[in-house]
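2 protein chains.
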Amino acid sequence: MADRPASIPAFADLPNARYEIPAGDSRLRAVCNTCGFISYVNPKIVVGVLATFENRILLCRRAIEPRKGFWTMPAGYLEEQETTEAGALREAFEEAGVKPHLTALLAIYSVARISQVQIIYRGVLPSAELAPGPETLEARLFAWDEIPWDDLAFPSVYWALNHHREVGEAALFLPRSNPPGETGDARPQGL
Amino acid sequence: MADRPASIPAFADLPNARYEIPAGDSRLRAVCNTCGFISYVNPKIVVGVLATFENRILLCRRAIEPRKGFWTMPAGYLEEQETTEAGALREAFEEAGVKPHLTALLAIYSVARISQVQIIYRGVLPSAELAPGPETLEARLFAWDEIPWDDLAFPSVYWALNHHREVGEAALFLPRSNPPGETGDARPQGL
Chain A
1 MADRPASIPA FADLPNARYE IPAGDSRLRA VCNTCGFISY VNPKIVVGVL ATFENRILLC
61 RRAIEPRKGF WTMPAGYLEE QETTEAGALR EAFEEAGVKP HLTALLAIYS VARISQVQII
121 YRGVLPSAEL APGPETLEAR LFAWDEIPWD DLAFPSVYWA LNHHREVGEA ALFLPRSNPP
181 GETGDARPQG L
Chain B
1 MADRPASIPA FADLPNARYE IPAGDSRLRA VCNTCGFISY VNPKIVVGVL ATFENRILLC
61 RRAIEPRKGF WTMPAGYLEE QETTEAGALR EAFEEAGVKP HLTALLAIYS VARISQVQII
121 YRGVLPSAEL APGPETLEAR LFAWDEIPWD DLAFPSVYWA LNHHREVGEA ALFLPRSNPP
181 GETGDARPQG L
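Chains as they are written, first to last, in the working numbering: chain A, 1 to 191; chain B, 1 to 191.
Bear in mind the hints are in silico, worked out from the structure with no lab data behind them. Note that the structure is predicted; figures quoted are calculated from it, not measured. Possibly wrong hints are sitting among the right ones.
If chains are identical, the list can't say which one is meant, so a pair holds when it fits in one copy or spans any two.
As the list claims (entries may be wrong) - Restricting the straight-line Cα-Cα distance to at most 25 Å, the calculated cross-link-like pairs of lysine to aspartate or glutamate (DMTMM-like) are:
hint	residue 1	residue 2
1	44	85
2	68	25
3	99	182
4	99	25
5	44	94
6	44	185
7	44	79
8	99	20
9	99	150
10	99	146
11	44	20
12	44	80
13	44	145
Use the sequences and the hints to build the structure in full.
Written out as structure tokens, the structure reads:
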């Protein structure tokens, strides 16, 4: 078995792989020695929503790893055969029991080290009623000065909160991207 | 081997799979009977750029399937450990030999049937010089009334061209999504 090049992520679940450039391809891929399966690992899409009710922001405290016990906006992996909007709404319902109205795309963040693209919408909640699901310890609406800055789950939660604040009441705006110099690898100040 | 549920795409490259819900998961996944590999198939991200030089729009005629011989904006699969912006720029260089300046996010399109999310930027070219790569038969800059509408490669090319036109000179705009009722499955009128 060839050694895994540093440019390819480890495949913990593909125990008997070699690494080669398949015919017609230009990059090294993991290929199963047993059955020939070519693992075209692709970046993963996270969809989420920064949802508000009367200027208070919905955050959920995670009941699962990673970052169990820390706060995030509802977000999770886009599933197969799902649009990005449908995925964001599904996550909001699964994690907080809410059905926001999506009003705009807030941001696309890339966390390249872990090959993740996060597509975060803005949403407005029809009421303050929350019903956390099994992946959420608690869900709450926070005024800006109540946000648990020291207990946010991920850098992108910090980015999304600040970008949401920055956009304010603007009806038209360009969606945000990673803050300059931020890769998502290190936690921003305060996290 | 369990039959493949209709909700799961076929895994042509995983020849000996069963379908089950792994522990801690909530959806059916393909699991290799030989080695236990769980195929978490995720939606794939396409990144691209609608690039212009002095109001003319860059299109490339595809040298590869699918839709060989038809016209598209430069676009392709985002690679591992790549940001969406870097991926769009890489595709522009690979397919047309250009280095556009990305000015805004034009659109996010979801083609749910094939689990694809397309992230399309607007870009401005520094010159009219084009240098098509091996995946491109020819690259050209088209005025609006020269666009080969009958020979576009994909519905999303048609969407992106029209959304680009609709946005016009606006500095601030909300990125577009699928046109109402359009899933990307059927070709729009004129294609």
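Earlier hints that do not hold, by number: 8, 9, 13
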